[in-house]
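A.B. asks: The sequence shown begins at 55 in my numbering and counts up by one.
Check the hints yourself; a few may be wrong.
Taking CB as the label site, the calculated pair distances span [to be verified]:
#1 Q113 / I76: 39 to 47 Å
#2 V88 / W118: 33 to 41 Å
#3 Q96 / F75: 33 to 41 Å
#4 L121 / G83: 35 to 43 Å
Hints were generated in silico from the structure; no laboratory data involved.
All C-beta atoms, glycine included, are put in the ideal place defined by N, C-alpha and C.
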Amino acid sequence: MTISLSSFPAAVNPFYKSPKFIAVILLIGTTLLVYAPLRSHQFLLYDDDVYVTDDVQIQQGITWSNLVWGLTAIEEGLWKPVTLYSHMLDVQLFGMNPA
Numbered sequence: 055m056t057i058s059l060s061s062f063p064a065a066v067n068p069f070y071k072s073p074k075f076i077a078v079i080l081l082i083g084t085t086l087l088v089y090a091p092l093r094s095h096q097f098l099l100y101d102d103d104v105y106v107t108d109d110v111q112i113q114q115g116i117t118w119s120n121l122v123w124g125l126t127a128i129e130e131g132l133w134k135p136v137t138l139y140s141h142m143l144d145v146q147l148f149g150m151n152p153a
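Sequences and hints are given; from them, build the entire structure.
C.D. replies: Set out below in structure tokens:
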């Protein structure tokens, strides 16, 4: 039994031909193409050393003591628990791999 595009329901058939669908596919493809080289990049020397590579608490990932520490820590003169938690989560999920 051969299935052709003309046998699809009317709601599905024109979807892949719509300008919005084509724009979404082009946008996703362009984004992936532009950011693909970042997979091989290393940590930067701007502030990654202060916030990630030299911070023992961040390198441990998410622990109860680090969650408490994140609420009270002042790093580089700033109180930013959400940023610290984000870095801890990155380390927890991906290790010390910036890519």
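A.B. asks: With reference to the structure, classify each hint as holding or not holding.
C.D. replies: Hint check:
1. Q113 / I76: 39 to 47 Å: holds (44 Å)
2. V88 / W118: 33 to 41 Å: holds (39 Å)
3. Q96 / F75: 33 to 41 Å: holds (37 Å)
4. L121 / G83: 35 to 43 Å: Given a distance of about 39 Å, which is inside 35 to 43 Å, the answer is holds.
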